[in-house]
Amino acid sequence: ATGIKTRLIIGLGVLIALIFAWIAISMQFGGLLAENTFPGDPNASDIAGLSVNLAPGNPQAHNLAGITADDPFASVEHFEESVRSAPNDYRWRAALGSAYEQVDQIDKAEAQFKAAADLAPTYAFPRWHLGNFYLRQGREDEAIAELKKASTNHFTFREQVFSLAWDFSGGDPVQVERVAAENAETRAYLARFLAIRGQGEHALRVWNQLKDTDKTRFNIVGRWVIQDLYGKGNFPEALEIARQLGDTNAIPESISNPSFEDPVVDGPQARFGWEISRGEPRVEATVDNQVRQQGNRSLKVSFRGVGRTDLVNIFQTVIVRPDTNYTLRFWIRTEGLRSPVRPLLQIVSANDNAVMGTSEMFPPDSPEWRQVSVSFRSGTGTNAINIRTSRPSCGEQCTLTGVLWYDNFEIASGQ
Numbered sequence: 001a002t003g004i005k006t007r008l009i010i011g012l013g014v015l016i017a018l019i020f021a022w023i024a025i026s027m028q029f030g031g032l033l034a035e036n037t038f039p040g041d042p043n044a045s046d047i048a049g050l051s052v053n054l055a056p057g058n059p060q061a062h063n064l065a066g067i068t069a070d071d072p073f074a075s076v077e078h079f080e081e082s083v084r085s086a087p088n089d090y091r092w093r094a095a096l097g098s099a100y101e102q103v104d105q106i107d108k109a110e111a112q113f114k115a116a117a118d119l120a121p122t123y124a125f126p127r128w129h130l131g132n133f134y135l136r137q138g139r140e141d142e143a144i145a146e147l148k149k150a151s152t153n154h155f156t157f158r159e160q161v162f163s164l165a166w167d168f169s170g171g172d173p174v175q176v177e178r179v180a181a182e183n184a185e186t187r188a189y190l191a192r193f194l195a196i197r198g199q200g201e202h203a204l205r206v207w208n209q210l211k212d213t214d215k216t217r218f219n220i221v222g223r224w225v226i227q228d229l230y231g232k233g234n235f236p237e238a239l240e241i242a243r244q245l246g247d248t249n250a251i252p253e254s255i256s257n258p259s260f261e262d263p264v265v266d267g268p269q270a271r272f273g274w275e276i277s278r279g280e281p282r283v284e285a286t287v288d289n290q291v292r293q294q295g296n297r298s299l300k301v302s303f304r305g306v307g308r309t310d311l312v313n314i315f316q317t318v319i320v321r322p323d324t325n326y327t328l329r330f331w332i333r334t335e336g337l338r339s340p341v342r343p344l345l346q347i348v349s350a351n352d353n354a355v356m357g358t359s360e361m362f363p364p365d366s367p368e369w370r371q372v373s374v375s376f377r378s379g380t381g382t383n384a385i386n387i388r389t390s391r392p393s394c395g396e397q398c399t400l401t402g403v404l405w406y407d408n409f410e411i412a413s414g415q
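Residue numbering for the sequence shown is 1 to 415, as defined by our numbering.
Incorrect hints may appear among the rest.
List time: in silico PhoX-like cross-link candidates among lysine-lysine, alpha-carbon distance up to 25 Å [said to hold, decoys possible]:
{"no.": "1", "residue 1": "K148", "residue 2": "K211"}
{"no.": "2", "residue 1": "K215", "residue 2": "K232"}
{"no.": "3", "residue 1": "K148", "residue 2": "K114"}
{"no.": "4", "residue 1": "K148", "residue 2": "K215"}
{"no.": "5", "residue 1": "K148", "residue 2": "K108"}
Distance windows between CB atoms, simulated [what the hints assert, rightly or not]:
{"no.": "6", "residue 1": "K114", "residue 2": "E182", "range": "17 to 27 Å"}
{"no.": "7", "residue 1": "W369", "residue 2": "E182", "range": "35 to 45 Å"}
{"no.": "8", "residue 1": "Q371", "residue 2": "G170", "range": "50 to 60 Å"}
{"no.": "9", "residue 1": "E335", "residue 2": "D262", "range": "20 to 30 Å"}
{"no.": "10", "residue 1": "Q371", "residue 2": "E253", "range": "12 to 22 Å"}
{"no.": "11", "residue 1": "E142", "residue 2": "T122", "range": "16 to 26 Å"}
{"no.": "12", "residue 1": "R136", "residue 2": "G171", "range": "14 to 24 Å"}
Simulated from the structure, these hints should not be mistaken for laboratory data.
Values in this document were obtained by computation on a predicted structure and should not be read as measured data.
We treat Cβ as the ideally placed atom computed from N, Cα and C, and that holds for glycine.
Working from the sequences, and respecting the hints, build out all of it.
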């Protein structure tokens, strides 16, 4: 009898252990299902139901069930269960707040959004949701206060805050600035946000709110701002930020690196210096320290059977004043330029690509340096020009060979 009783006790213990193991495994499996199921999956609702059955105390299972439920009041019940299961998790509080708002229980919604923010006061996520709630309720000042906190430390929410304010205000830069936190990082990225949207004046104003040490610290962001401003035609503002970031040649109404004494870069790394594109392999542009008009260097451009007529691979952007007379002067030397149509220098508006001035075609052979002058007048809407090497159209079979050298550019107004 004693042996039977012992065996029964052992068997009961094993059974209880198996039951507890099954419950634990079921709960873990239910939670795992909920955690790895996206609400947009075709069978998400069925998985949510299974997860809740397997793990009725798992907040994530109820969260998935709340998201996928067709009835908004059923959603509320599931989100309430999530909060009961994990009352100190701000995520479930925010989800419950959204669910309450959907069924017009506004006071309860606000309480949950505020509880989420209190549980994670330095996190952007609950501040973002609370700020959006206040915005939907027409409580603008409270919305701005929360959204400003959301924009402080989190890049993704910072961009979302800026975009929300931009859309809500109909593209008003001042209103976007109201939701931006005061710290330097947020201000730097706000300048870029405005630059991307073509708000050159406001982008520069926000950038200038940074201390010099912060401008140096966020140098990379500043370089992005320059590119964005340049791409949107806000050339004077781009030049000013380039100057602040150490580009000593970034001077309005002035040719940068006029005699090629400094290195010439490929592509748009230096927006206001000489740019050389290597897209045409039969054109080579290099700094030459053997041939020069004065100083130590010139720019040598070699053409090896070039058939293209749209030569714009050597150019510089210069800031100018609208409706102003200018004269551009430079020196050239040529050797063996052979083609019915030879290169020339062209001045076009950087704002609308309108041609403002053109030199004569360069001579086929000029062993002595020759100065060339091109007079032009900037247009009403022109605040920058492009100086570029070009070539008129001359048909498909019109190859160009030979060499030319540039040196000592200068621009002057009122002449």
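How the hints compare with the structure:
no.: 1; hint: K148 - K211; verdict: holds, 20 Å
no.: 2; hint: K215 - K232; verdict: holds, 22 Å
no.: 3; hint: K148 - K114; verdict: holds, 15 Å
no.: 4; hint: K148 - K215; verdict: holds, 21 Å
no.: 5; hint: K148 - K108; verdict: holds, 24 Å
no.: 6; hint: K114 - E182: 17 to 27 Å; verdict: holds, 23 Å
no.: 7; hint: W369 - E182: 35 to 45 Å; verdict: violated, 56 Å
no.: 8; hint: Q371 - G170: 50 to 60 Å; verdict: holds, 53 Å
no.: 9; hint: E335 - D262: 20 to 30 Å; verdict: holds, 25 Å
no.: 10; hint: Q371 - E253: 12 to 22 Å; verdict: holds, 20 Å
no.: 11; hint: E142 - T122: 16 to 26 Å; verdict: holds, 19 Å
no.: 12; hint: R136 - G171: 14 to 24 Å; verdict: holds, 20 Å
Comparing the model with each numbered hint stated earlier shows that hint 7 is the single one that does not hold.
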